[in-house]
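Novice: Based on the sequences and whatever the hints tell you, model everything.
Take UniProt numbering: the final residue in the sequence shown is number 660, and no numbers are missing along the way.
Simulated from the structure, these hints should not be mistaken for laboratory data. Any given hint could be a false lead.
[Claimed, not checked] Pairs of lysine-lysine, DSSO-like flavour, derived with a Cα cap of 30 Å:
1) K42 x K109
2) K335 x K208
3) K320 x K457
4) K328 x K59
5) K59 x K42
6) K109 x K303
7) K440 x K106
8) K109 x K335
9) K457 x K328
10) K102 x K440
11) K106 x K208
12) K328 x K485
13) K325 x K109
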Amino acid sequence: KICESSGESLVSCEGECCSVFHVECLGLTSVPDEKFICAECKNGEHTCFSCKLPGKDVKRCSVNTCGKFYHEACVRKFATALFESRGFRCPQHCCTACSMDKDIHKASKGRMVRCFRCPIAYHSGDGCIAAGSLFVSSHILICSNHSKRTHSSSAVNVGFCFVCARGGKLLCCESCPASFHPECLNIEMPEGCWNCNDCKAGKKLRYKQIVWVKLGNYRQVGWWWPAEICNPRSVPLNIQGLKHDIGDFPVFFFGSHDYYWVHQGRVFPYVEGDKSFAEGQTSINKTFKKALEEAAKRFQELKAQRESKEALEIERNSRKPPPYKHIKSNKVIGKVQIQVADLSEIPRCNCKPSDENPCGLESECLNRMLQYECHPQVCPAGERCQNQCFTKRLYPDAEIIKTDRRGWGLRTKRSIKKGEFVNEYVGELIDEEECRLRIKRAHENSVTNFYMLTVTKDRIIDAGPKGNYSRFMNHSCNPNCETQKWTVNGDIRVGLFALCDIPAGMELTFNYNLDCLGNGRTECHCGAENCSGFLGVRPKTAFATANEEKVKNAKLKQKKRKIKMEQKQMHEDNCFQCGDGGELVMCDKKDCPKAYHLLCLNLTQPPFGKWECPWHQCDVCSNPAVSFCEFCPHSFCEDHEKGALVASALDGRLCCSAHD
1 KICESSGESL VSCEGECCSV FHVECLGLTS VPDEKFICAE CKNGEHTCFS CKLPGKDVKR
61 CSVNTCGKFY HEACVRKFAT ALFESRGFRC PQHCCTACSM DKDIHKASKG RMVRCFRCPI
121 AYHSGDGCIA AGSLFVSSHI LICSNHSKRT HSSSAVNVGF CFVCARGGKL LCCESCPASF
181 HPECLNIEMP EGCWNCNDCK AGKKLRYKQI VWVKLGNYRQ VGWWWPAEIC NPRSVPLNIQ
241 GLKHDIGDFP VFFFGSHDYY WVHQGRVFPY VEGDKSFAEG QTSINKTFKK ALEEAAKRFQ
301 ELKAQRESKE ALEIERNSRK PPPYKHIKSN KVIGKVQIQV ADLSEIPRCN CKPSDENPCG
361 LESECLNRML QYECHPQVCP AGERCQNQCF TKRLYPDAEI IKTDRRGWGL RTKRSIKKGE
421 FVNEYVGELI DEEECRLRIK RAHENSVTNF YMLTVTKDRI IDAGPKGNYS RFMNHSCNPN
481 CETQKWTVNG DIRVGLFALC DIPAGMELTF NYNLDCLGNG RTECHCGAEN CSGFLGVRPK
541 TAFATANEEK VKNAKLKQKK RKIKMEQKQM HEDNCFQCGD GGELVMCDKK DCPKAYHLLC
601 LNLTQPPFGK WECPWHQCDV CSNPAVSFCE FCPHSFCEDH EKGALVASAL DGRLCCSAHD
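Specialist: This is the structure in structure tokens:
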């Protein structure tokens, strides 16, 4: 950890950091006989592996053998960090290159080679490791980000725009040869240093990549020469011995067949069709012309190898579902908590042990009717109780299947009765903030499959990284299962129940509705007769179809008949009390658009029958209100309205004293 070199006489810290030291670097003469703990582990002030600042507010990576510490703000900057219920897996357990290529399933699998100085890791092999990285050992390297060369003196930029291929006044990247017209990027000419989007994102060149290289300081196109980036271990020994630094890599020049060490500032990627720019030019050097032909041929060879490898991988992956971690119950992430009720708070049903099927499907169990699961210590039926499906995980046997157009699905192995418990929807329990962060990250990585289901206002189940077989159930506009929210030992959980009798061998489906976050307007392939065509759009009903037929017939009649249509009352999407969305209770008073969370009303269950919201009763005496605050549910009657409301700066809208 001190001198960054390997060797003998190494001693390992047995504290949390898992670091290794030379005996001499510690100022010792021999390996200590007793347990060795480094200074950082003794005083508890570890250094953040990202920003290199020490402190006690840093957190350790959850992987036991890692030992890296980070500030939470520092680790959240990396898209390759994975947050779990017990903390986070740091970026050194995810391949940076695969993550950049949007291959998130492959990114965290396989053997990693990790940078010694920063939170960067790659899969071992030429396909992922950034060109210019220096190997310290078989599994440790110093990545090309630690080049000693300053950006301002390293890049040699091209004389044309990478977007329109024309010259003129160009904006040049400080780290690579890329140049652009500011107008082609829809930006103003910035002041000072500027880096292109690829360099900002940390995109690196890799071995076996065809590139254009410049050795001189000329800006003419002809001086850029096609070459292939080589792994230093594959070039001749005399080339390996030439002077070079971290960030430098050898290239093999086509045409001349010689080698040279260069860096990212003098290289940009070759793309398909680059050979054609020299066509029609009579003054081209024969060697350069030969180089263009060899580069084009080698480019196609590497492309064919890559496509063959991808096809093989796709074929291999098609035999089994994408990887996920199978769990039996919800795992909490972040601030979300699982509620646990006291035994005295759990409702007791009236079933008896002597009943034929106590608390069963066809019983009159009060708990089952109210969607409460019985507790074994509270239920009068005791061990004979049949209303403990969530706790006992009484799922009918099912198997994962490959469908025609809807990816993977779930099929039952036995017949299921109407109303029977099918499965519990389990996954990571996250809050709304984490949910939006995951959706944003998924869009950035071109992920199109989402497994998020809303439970309550700030509790969402994400069965993507972790879940059970229920995550494979597909959507249908005519489903055979439905989701139900049950209270189990004081906590709300989501179960899937059969809507009809389901024969063995039938695929299990449910309607995703609008409670499923992340899908947006996705095309539906359920194949049902009433298919709406898109997820989240209400399926066509028999009533709607009959209505459409009547409208068509009415249009055929010459005599027009006016039909007075009752307009459906529209309500607001956010709670009038707290301003957040979620599951809301709507006011039934005519023309009132207000909606509320049950918690904001201090209610535990939705009000029964026709209900008018608090906005229509005076805050002081509960008589009918005549003056209303337009920003919260406060309102006042004729006797108490004087001085209670004032005109606000927002178009003169009335507001109460609770607002500035």
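Novice: None of the hints should be skipped; say for each whether it holds.
Specialist: Cross-check of the supplied hints:
no.	hint	in the structure
1	K42 x K109	violated, 34 Å
2	K335 x K208	violated, 46 Å
3	K320 x K457	violated, 35 Å
4	K328 x K59	holds, 28 Å
5	K59 x K42	holds, 16 Å
6	K109 x K303	holds, 24 Å
7	K440 x K106	holds, 19 Å
8	K109 x K335	holds, 28 Å
9	K457 x K328	holds, 23 Å
10	K102 x K440	holds, 13 Å
11	K106 x K208	holds, 20 Å
12	K328 x K485	holds, 17 Å
13	K325 x K109	holds, 13 Å
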